[in-house]
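Given chain U, work out where chain L should sit, using these hints.
2 protein chains.
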Amino acid sequence: MSEFAPTARTEVRRLPQRAVYDREAVYRILDEGLVCHIGFVAEGNPVVIPTGYGRKGDTVYLHGSAASRMLRTLGKGVNVCVTVTLFDGLVLARSAFHHSVNYRSVVIFGRATLVEDREGKLDALRVFTEHVTPGRWQEVRPPSDKELQATTVLALPLQEVSAKVRTGPPVDDEEDYALPVWAGVLPLSLTPGLPVADERLPAGTEVPEYVRRYDRKRP
Amino acid sequence: MSEFAPTARTEVRRLPQRAVYDREAVYRILDEGLVCHIGFVAEGNPVVIPTGYGRKGDTVYLHGSAASRMLRTLGKGVNVCVTVTLFDGLVLARSAFHHSVNYRSVVIFGRATLVEDREGKLDALRVFTEHVTPGRWQEVRPPSDKELQATTVLALPLQEVSAKVRTGPPVDDEEDYALPVWAGVLPLSLTPGLPVADERLPAGTEVPEYVRRYDRKRP
Numbered sequence: 001m002s003e004f005a006p007t008a009r010t011e012v013r014r015l016p017q018r019a020v021y022d023r024e025a026v027y028r029i030l031d032e033g034l035v036c037h038i039g040f041v042a043e044g045n046p047v048v049i050p051t052g053y054g055r056k057g058d059t060v061y062l063h064g065s066a067a068s069r070m071l072r073t074l075g076k077g078v079n080v081c082v083t084v085t086l087f088d089g090l091v092l093a094r095s096a097f098h099h100s101v102n103y104r105s106v107v108i109f110g111r112a113t114l115v116e117d118r119e120g121k122l123d124a125l126r127v128f129t130e131h132v133t134p135g136r137w138q139e140v141r142p143p144s145d146k147e148l149q150a151t152t153v154l155a156l157p158l159q160e161v162s163a164k165v166r167t168g169p170p171v172d173d174e175e176d177y178a179l180p181v182w183a184g185v186l187p188l189s190l191t192p193g194l195p196v197a198d199e200r201l202p203a204g205t206e207v208p209e210y211v212r213r214y215d216r217k218r219p
Numbered sequence: 001m002s003e004f005a006p007t008a009r010t011e012v013r014r015l016p017q018r019a020v021y022d023r024e025a026v027y028r029i030l031d032e033g034l035v036c037h038i039g040f041v042a043e044g045n046p047v048v049i050p051t052g053y054g055r056k057g058d059t060v061y062l063h064g065s066a067a068s069r070m071l072r073t074l075g076k077g078v079n080v081c082v083t084v085t086l087f088d089g090l091v092l093a094r095s096a097f098h099h100s101v102n103y104r105s106v107v108i109f110g111r112a113t114l115v116e117d118r119e120g121k122l123d124a125l126r127v128f129t130e131h132v133t134p135g136r137w138q139e140v141r142p143p144s145d146k147e148l149q150a151t152t153v154l155a156l157p158l159q160e161v162s163a164k165v166r167t168g169p170p171v172d173d174e175e176d177y178a179l180p181v182w183a184g185v186l187p188l189s190l191t192p193g194l195p196v197a198d199e200r201l202p203a204g205t206e207v208p209e210y211v212r213r214y215d216r217k218r219p
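Just so you know, the sequences run in chain order U and L.
Counting from 1, one number per residue, gives the positions in the first sequence under the numbering used here.
Counting from 1, one number per residue, gives the positions in the second sequence under the numbering used here.
Take these hints with a grain of salt, some might be off.
Because identical chains share one entry, a pair is satisfied inside a single copy or across any pair of copies.
To be verified - List time: in silico SDA-like cross-link candidates among lysine to any residue, alpha-carbon distance up to 20 Å:
| id | residue 1 | residue 2 |
| --- | --- | --- |
| 1 | Lys146 | Glu175 |
| 2 | Lys76 | Val181 |
| 3 | Lys146 | Gly110 |
| 4 | Lys56 | Val211 |
| 5 | Lys217 | Glu139 |
| 6 | Lys56 | Glu175 |
| 7 | Lys217 | Val12 |
| 8 | Lys56 | Arg126 |
In case anyone wonders, no lab produced these hints; they're calculated from the structure.
Okay, chain U solo, but in the shape it has when bound:
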């Protein structure tokens, strides 16, 4: 079983029983998530911005407009912290104090580098698109050279990484189990609704299978 080695920054000190360093477990969380929150320091202040991402092996790809201040800052190789959180459910205990949530989160520390060669950029955008909507890349018009130039792509290595996971029922104080209060877990998950076709779509264009059966859960 391959694990990420804990470092001073990634060792989980608070509730260490929830810590996960197993590589496959980290991959599964990253592969199920849609949004990461990127933290960086700008003029001494912390800034946290949500954005999409994709993963291939031990690399996380970020991308955005070449005009983005954030991407220009990150491309300089500053320290970043990228966090992905999956919310799995409310944990309703008999006491207010023991309420909790079931979740899975991954925290990555590191420095991103610019992906500048054409093939590398194209591959990263394919990884990104397939991460969000598996099956999409082969159907859509690929990026033109002009679009590629207008896109900044960053690669962040998965080196300093940890995950934290809580699962299962509430844990109450022994004397509280006698209280007449409903307790348990309310599962929550990011669930697709019905696809909304674009108004300019020719009548009869079928909704692709990968949209109809969209599901973030990963095996």
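Just chain L, lined up with the frame of chain U:
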């Protein structure tokens, strides 16, 4: 219409048409969200940690164990950035380049202060609990003095705040509308599953209405 005044840190420069400073709109996003991502600087490095929160008026409450390093750090009044993101859907365009997501996010900059008086702490924990599960507070055993002492509560003022929102269909290049590619929006939302009763719950304990009809959507 009351608005948060943009500052150098909160003025949205990238895609400013997506910026929202309206107070009620910011409240609605915060009230629908369950998780925030707190960013702070620790030994020069950015750190981003997911956690719960609650809102009352122009105050966001955070809480956690008094033993938590993060809360001890934040309680010192360091600069923080707290970001809440709601993921609303995939925006599937005809070209890879114009893919996007529908989302609503709020970014708050500021410094948190410790809530130290007993009544203030209790009220913040009530706000927190009711934020996550409206209706829950009045049913559960309230915090004991010992539990209150073991809990750190922080208050973050809503002063430097902005929101960013994308809604609606894909926007494709004019010549791409002729491509035979399905395009549109796949809505996604955090949806409850069936409640899972705790194994030690007495048989016949009814699932409360506020759990059975749990819904994050806010009017």
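Outcome of the hint check:
1. Lys146 / Glu175: Between. Shortest inter-copy distance 15 Å satisfies the 20 Å Cα cut-off; intra-copy 67 Å does not.
2. Lys76 / Val181: Answer is neither: 54 Å inside a copy and 37 Å across each miss the 20 Å cutoff.
3. Lys146 / Gly110: neither (30 Å within a copy, 39 Å between copies)
4. Lys56 / Val211: neither (22 Å within a copy, 39 Å between copies)
5. Lys217 / Glu139: The answer is neither: 23 Å in one copy and 34 Å across copies each exceed 20 Å.
6. Lys56 / Glu175: Neither: 49 Å inside a copy, 32 Å across copies.
7. Lys217 / Val12: neither (26 Å within a copy, 33 Å between copies)
8. Lys56 / Arg126: within (10 Å within a copy, 43 Å between copies)
Comparing the model with each earlier hint shows violations of hints 2, 3, 4, 5, 6 and 7; every other hint is respected.
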